[in-house]
Amino acid sequence: AQSVTQLGSHVSVSEGALVLLRCNYSSSVPPYLFWYVQYPNQGLQLLLKYTSAATLVKGINGFEAEFKKSETSFHLTKPSAHMSDAAEYFCAVSSNNAGNMLTFGGGTRLMVKP
Amino acid sequence: KAGVTQTPRYLIKTRGQQVTLSCSPISGHRSVSWYQQTPGQGLQFLFEYFSETQRNKGNFPGRFSGRQFSNSRSEMNVSTLELGDSALYLCASSSGLAGTYNEQFFGPGTRLTVL
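Residue numbers (the working numbering), protein chains in the order written: chain A, 1 to 114; chain B, 115 to 229.
Any given hint could turn out to be false.
Far from chain A, some chain B residues (derived; all Cβ distances over 10 Å) [as the list claims (entries may be wrong)]:
#1 V118
#2 G130
#3 S165
#4 N170
With a cut-off of at most 30 Å between alpha-carbon atoms, the simulated DSS-like pairs for lysine-lysine come out as follows [to be verified]:
#5 B:K171 / B:K127
#6 A:K49 / A:K69
#7 B:K171 / A:K69
#8 A:K113 / A:K49
#9 B:K127 / A:K49
For the record, the hints were derived by calculation from the structure and aren't laboratory data.
Bear in mind that the values here come from a model prediction, so they are computed numbers and not experimental data.
Quick reminder that beta carbons are idealized off the backbone N, C-alpha and C, glycines included.
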C-alpha cells in the first residue's frame with residue numbers, strides 16, 4: 001500500500017522567507033503526486049501535480065515542487081512567503097493511474113509571521 | 115461552470131442516528147469520490163462512484179455506504195453514528211475516465227458533529 005509522509009506538522013516562516021514543505025512517498029512505481037492547499041472551512045485546492053512529465057513542476061501562487069525518484073521525495077517550495085500562504089498543505093499520491101483514489105500525508109500547517 | 119457543491123454544510127447528530135450527505139459534481143463529471151477528514155486519522159478515501167456504480171472502495175466499515183444517481187449526484191450514508199464519525203466529509207468530482215489522469219475538484223465539505 002502506498003503511504004505519504006510529511007515531515008513537520010507545523011512550519012513557521014517569516015513573510016518574504018523561503019517556504020519548504022517536505023513530502024516523502026513510498027511506491028513501487030512512479031506515481032502521480034499532488035500538493036493541495038486547504039484554507040479554514042474550505043475544501044482542497046490543487047496547487048500542482050506531477051504526472052510523469054517534467055520533474056520540476058510549477059503550480060499556482062508561485063509554488064513549485066521537484067520530483068526526485070531516487071529520494072522518493074516531492075518537496076514543495078516557494079521563494080518568498082506571503083501572509084496569504086498561511087494554510088494547511090497536503091501531499092498526496094494517487095493509488096491508481098486515474099488519479100481518483102488519493103492517499104494523503106498528515107498535512108503541514110504553514111504559519112507566516114509578519 | 116459551477117463547482118462541486120455539498121449539502122448540508124454543517125450537521126449535528128446524536129450517537130446511533132443515521133445521516134445522509136449529498137454531493138453534486140461539476141457538470142459533465144461522472145466520477146464522485148468521498149473522503150473523510152479527522153484530526154486523528156487525517157484525510158482518508160472512502161469510496162468512488164462512476165456511472166452509478168461503486169468503482170473503488172477504501173477501508174471503512176459497512177456503516178458507510180453511498181450511491182450515485184443517473185445525473186451523477188452522489189449521496190453517502192452513515193448508519194448507527196459513533197462519536198468517531200465526527201469529521202469533515204469531502205467529495206471530489208472528476209471526469210472519471212479510466213486509464214488516464216483525471217483532475218479531481220473538491221467541494222467545501224460537510225462538517226458532521228456527532229454528540
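Each hint tested on the structure:
1. V118: violated, 8 Å
2. G130: holds, 28 Å
3. S165: holds, 13 Å
4. N170: violated, 5 Å
5. B:K171 / B:K127: holds, 25 Å
6. A:K49 / A:K69: Given pair A:K49, A:K69 holds - Cα atoms ~15 Å apart, limit 30 Å.
7. B:K171 / A:K69: Measuring from Cα to Cα gives roughly 28 Å; hence the hint holds.
8. A:K113 / A:K49: holds, 27 Å
9. B:K127 / A:K49: Not OK: B:K127 and A:K49 at ~37 Å, beyond 30 Å, violated.
Of the numbered hints listed earlier, those contradicted by the structure are 1, 4 and 9.
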